[in-house]
Amino acid sequence: MSLKKEYLVISIMCAFLSFFLVKTFGNQVYSYDIGESTSVKKIQELMNQLEKLENSKEELLERLQKLEAKISDHEAVIAENIYKGEEIQKQLFEARVLAGLTDIQGPGVEIILNDRKKDNIMPGEMYSITDFIVHDSDLLEVINELKAAGAEAIGINGVRILGNSRISCGGPTINVGDDQRFAPPFVIHAIGDPDALAGYFQRADSIYHILTFYGLEFSIKKLDNVRIPRYYGEVDFKYAKPVKED
Amino acid sequence: MSKKLRAQIAVSIVSLILGLALAAQFKNVQKVGGSVSLQRTQELTRQVQKLEQENEALETQIREYEKRISEFESAAQNEGQSNKLIYEELERIRMLAGLVDMEGPGVVVTVNVKHVSEWGEDAIIQNVRYDDLLKLVNELNAAGAEAIAVNNERIIATTEIRNAGDYIVINTNRYSAPFEIKAVGNPETLEAALKLLGGVADDLGAYLHINIRREENIRIPKYNGTLQYKFAQPLQENKS
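Protein sequence lines correspond, in order, to chains A and B.
Per the working numbering, the very first residue in the first sequence carries number 1; after that it's consecutive.
Per the working numbering, the very first residue in the second sequence carries number 1; after that it's consecutive.
Think of the hints as simulated: they come from the structure by calculation, not from any bench.
Glycine included, each C-beta is placed from N, C-alpha and C at the ideal position.
Among the hints, erroneous ones may be present.
Unchecked claim - Straight-line Cα separation of at most 30 Å, DSSO-like style, residue types lysine-lysine; simulated pairs:
1. A/Lys221 with B/Lys230
2. B/Lys222 with A/Lys238
3. A/Lys66 with B/Lys67
4. B/Lys84 with A/Lys84
Unchecked claim - Which chain B residues stay away from chain A? Per the calculated CB distances, all over 10 Å, these:
5. Ala97
6. Ala145
7. Asn173
8. Ala177
9. Asn186
10. Arg213
The following block holds chain A by itself, in its conformation from the complex (with noise of 0.2 Å):
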């Protein structure tokens, strides 16, 4: 009996043993790969973290929605009360349609831009890893060339471009708008002629060859309707005024 028990701490302590020892080398091994004891509570975490901003978002939008009806209600009661104000109310609303501070919709192309994919780079092919992402150049071509194939509206990742937009490189990230920042990939949609804004890539001078040439994904798809959300951010003039003309 006292034999067997004999038995029975030896295997136990030796098998506990081994069992640290490769715990430990292997940590030394693999230590690169952090968070990996941690990424099931991690990602639980972000998961509650994004269903709590998704209720936010929605609630947000409720309010928004609210606030705009209160608006175009006080509007209203005043376009009553002056000459002409139907007239007004309804240039009131073409030049938000204009300005992009509307929702907007119609025929058009979704174009999705993308790093190359690590897998695909040959073994033994020269290049410099910089050919192989997205720059803030990049995005800034191509949304001029959907322009010059007369882009109606754009967005970038839900991002309405307007006129004083800029696009700019944030590091990894590419700064789109007032102060969005955004990875690959990038999804863009543009409104206007669908066959004229996807033949336009097919220019001989067009940023498309340079950026497939490098193996970057570059698709485009035609689709009978697109929906680009408004400019949701703060219009201010601090410096320009307007022009009074006497």
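Once you have looked at the hints, place chain B on chain A.
Relative to chain A, chain B alone:
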């Protein structure tokens, strides 16, 4: 005694192997889970960031609407005041759309070809390209320009700056060098953004003649093409 020792060694070795195998097994399982979850974590993080930004934009918009509504409410008793509000709003939106002549402080940037003498003969390094102008305009926008015009073509949401043969097309009209870019905004910020060490002016200055000067009052014309959507339709109904 020797029999006992042999048995002990045998058991130890077996246990050792078992332990190693067990640990290796755990390691494998975790590794697969780890790389999958890493991708998932990244994607979720991106979604969280995107939503955070969207919510922030919505909140800004809500604050602006609330401000407007309180303006309406405080003007409700005064007919003249409320009428003024609605005309101001119309003006503000038309300003944003680029349909109003604007003036204010800012910078004027002139872009021209650079002349060099080669073997005693006059030559230029390179013509002005459309993307030179595109970069300048984008940089000015990033620095907070409120209104921009290139050769008096107002830059609006649909403005293209694109080459067509030897010309550059802006708002469907053709231009060639020299170019004059006018931007209204904080003059110091606009100038500093362009003159940043290694910035756009440095880049383009290598082969173009670039001049940047601040001005107290710049006048920028409104967009003078016809603005009419053929394909795009607003989603909300016109309530009037």
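**Item:** Claimed clearance of chain A by B/Ala177, with the beta carbon kept past 10 Å
**Value:** At roughly 19 Å from the nearest Cβ of chain A, B/Ala177 sits farther out than 10 Å, so the non-interface label holds.
**Given hint B/Lys230 paired with A/Lys221 - CA-CA distance at most 30 Å** = holds (20 Å)
**Whether B/Arg213 stays farther than 10 Å from all C-beta atoms of chain A, as the label says** = holds (16 Å)
**Message:** Over 10 Å from every CB of chain A: does B/Asn173 meet that, or does the non-interface label fail?
**Reply:** Given that every Cβ of chain A is farther than 10 Å from that of B/Asn173, nearest at about 13 Å, it holds.
**Message:** Does B/Ala97 clear chain A by more than 10 Å, comparing its Cβ with all Cβ atoms of that chain?
**Reply:** Check fails; 4 Å does not lie beyond 10 Å.
**Request:** Assess, step by step, whether the Cα of B/Lys84 is no farther than 30 Å from the Cα of A/Lys84, and give holds or violated.
**Result:** Distance ~14 Å between B/Lys84 and A/Lys84 Cα, so the pair holds.
**Message:** Beyond 10 Å on every Cβ pair: is that true for B/Ala145 relative to chain A?
**Reply:** violated (7 Å)
**Interface-negative label, B/Asn186 against chain A, beta-carbon threshold 10 Å** = It is violated; B/Asn186 is separated from chain A by about 6 Å at its closest Cβ, not greater than 10 Å.
**Item:** Restraint check for A/Lys66 with B/Lys67, where alpha carbons must lie at most 30 Å apart
**Value:** holds (14 Å)
**Request:** With a cut-off of 30 Å on the C-alpha distance, tell me whether B/Lys222 and A/Lys238 pass.
**Result:** The given pair, whose Cα atoms are some 18 Å apart, holds under the 30 Å limit.
In this structure, the earlier hints numbered 5, 6, 9 are contradicted, and the remaining ones agree with it.
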